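Asker: Could you build the full structure based on these sequences and the hints that come with them?
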Amino acid sequence: MTAQGAPYVGNEARIVLSFAMANHGANFAYWLRDKLMKRLNYYSPNAVYLDCIAARLQTTQHYAAGMAPASGDQVRGITYVSPDTRPHLKSQGYMPIGASNVAWEAAFDDAVSQAAAMILVVTSEYLQSQWCMLEWRKCEEENQRRRGVGKAPLRGVALVFPPSTQGQPGGTQGGATNGMPANNSQDIQQIAVTKVYGRGGLLWHPEDYAISEAAFDRVVIAAGL
Numbered sequence: 019m020t021a022q023g024a025p026y027v028g029n030e031a032r033i034v035l036s037f038a039m040a041n042h043g044a045n046f047a048y049w050l051r052d053k054l055m056k057r058l059n060y061y062s063p064n065a066v067y068l069d070c071i072a073a074r075l076q077t078t079q080h081y082a083a084g085m086a087p088a089s090g091d092q093v094r095g096i097t098y099v100s101p102d103t104r105p106h107l108k109s110q111g112y113m114p115i116g117a118s119n120v121a122w123e124a125a126f127d128d129a130v131s132q133a134a135a136m137i138l139v140v141t142s143e144y145l146q147s148q149w150c151m152l153e154w155r156k157c158e159e160e161n162q163r164r165r166g167v168g169k170a171p172l173r174g175v176a177l178v179f180p181p182s183t184q185g186q187p188g189g190t191q192g193g194a195t196n197g198m199p200a201n202n203s204q205d206i207q208q209i210a211v212t213k214v215y216g217r218g219g220l221l222w223h224p225e226d227y228a229i230s231e232a233a234f235d236r237v238v239i240a241a242g243l
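According to the working numbering, the sequence shown is numbered sequentially starting from 19.
Take the hints with a grain of salt, since some may be wrong.
[To be verified] Here are the computed distance ranges between Cβ atoms for each label pair:
1) H223 / E159: 33 to 39 Å
2) G23 / R94: 34 to 40 Å
3) I71 / P25: 16 to 22 Å
4) A83 / A134: 34 to 40 Å
5) R217 / N59: 19 to 25 Å
6) T103 / Y215: 24 to 30 Å
7) A233 / V167: 30 to 36 Å
The set of hints was computed from the structure by calculation and includes no laboratory data. Given the structure is predicted, the values throughout are model-derived calculations rather than measurements. Note that the Cβ used here is the ideal one computed from N, Cα and C, for glycine as well.
Answerer: Here it is as structure tokens:
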């Protein structure tokens, strides 16, 4: 499938990504954002809203590891950038750059209110994260709001990685079929996907993963964009 539609250069979010950083989830989110922007002809940085990228587009202050102010001492409107030294990321063999902004939730809510679709990357790490579960609920709450004012729904698409040890360097797939949130409203369509390794490029680490081209096509169709 080729790029769709005229280039989008607007400032509003069209798609919001929800993901857990741990166990190579951050690199998958970067890869997925890049794929979506190329497929859909998006030419603005927040068209596919990734909160860590959006935060760094604001006014920033940079610090060495462990030197950034605690959240209670941060100033609203400033993003504090420093190496992310959390053990579950360091154990993956690299140290990503972290971005902390006390206005994160308000900015995320704005993006969700603007978007046509929200893609939730449901790994076991996602289900264990209170922040990811909050984002799942925001998708459902946004659709309750939209129904109340007669707006088109936010199309939720959950990429669900099932348990499997096949094809993963090092053993476990990090599956997520157990513990899924209740989805009684049917606002979020679930698509079963598996991890594909060895793609290179943005997925430079040997344990970084993608999804197949066929699965990616299904995501685009489900998102309705």
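Asker: What are the numbers of the hints that this structure violates, sorted from low to high?
Answerer: The structure breaks none of the hints.
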